[in-house]
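Asker: Read off the chains here:
2 protein chains.
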Amino acid sequence: MYGLIGKIIVQSEKRDELIRIILDGTDNMPGCLSYIICKDAMNDNTIWITEVWDSKKSHQASLSLPSVQAALGKGRPFIEDFGEQIETVPVGGYGLMKA
Amino acid sequence: MYGLIGKIIVQSEKRDELIRIILDGTDNMPGCLSYIICKDAMNDNTIWITEVWDSKKSHQASLSLPSVQAALGKGRPFIEDFGEQIETVPVGGYGLMKA
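Top to bottom, those sequences are chains A and B.
Counting from 1, one number per residue, gives the positions in the first sequence under UniProt numbering.
Counting from 1, one number per residue, gives the positions in the second sequence under UniProt numbering.
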């Protein structure tokens, strides 16, 4: 499996709007086993996305999906910066869906 | 919902053993919607755990579960340090189980 833990810094007051855009664009991605969007509880300009894929290839392919491309296009103006992007190797747990 | 993204620094060569202990002790926790254990892809002494709970209360209650207490007891000797503990407010995504 392939995983990512990513931080996004959002333009002020735009977090909810960006979250809606991301949620809309990421609900049907082949090979995705988990994709969870979170607000940072302490910083109102920060979003965290934790992802698990059946392979790095599936993750890369998802970036070309029309729905993801549309979300990136719509959401880009609200993104101030990308913070840490931690690459992981998920090994198990609870909440890993079938690909 | 309540979430955590946590980093654990592991004694050298003990990561796989600690992962097994954590997996064994965390498979049946009331209120848990997602609990995923990952190796850091770049650092072989680091584990990441991403968690989603239906409430902070459920998370706190889980720490007293016999299985979690046993895992903490068994795993503690292999833990060198706890890194970032990021508190989040999960808002949605894919792979959030029913509580």
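Misleading hints may appear alongside valid ones.
Since the list gives no way to pick out one identical chain from another, each pair is judged satisfied if it fits inside one copy or across any two copies.
[Unchecked claim] Pairs of lysine-lysine, BS3-like flavour, derived with a Cα cap of 30 Å: (1) Lys98 x Lys57; (2) Lys57 x Lys74; (3) Lys14 x Lys74; (4) Lys98 x Lys7.
Calculated directly from the structure, the hints in this document are not laboratory data.
Asker: For each hint, tell me whether it holds in the structure or not.
Answerer: The hints, checked one at a time:
Taking CA atoms no more than 30 Å apart as the test, Lys98 paired with Lys57 passes in both settings, with 16 Å inside one copy and 29 Å between copies. Taking CA atoms no more than 30 Å apart as the test, Lys57 paired with Lys74 passes inside one copy only; the shortest distance there is 24 Å, against 36 Å between copies. Proximity of Lys14 to Lys74 under the C-alpha cut-off of 30 Å is restricted to the intra-copy arrangement: shortest distance 12 Å within a copy versus 44 Å between copies. Taking the shortest alpha-carbon separations for Lys98 and Lys7, both the intra-copy value of 25 Å and the inter-copy value of 26 Å come in at or below 30 Å.
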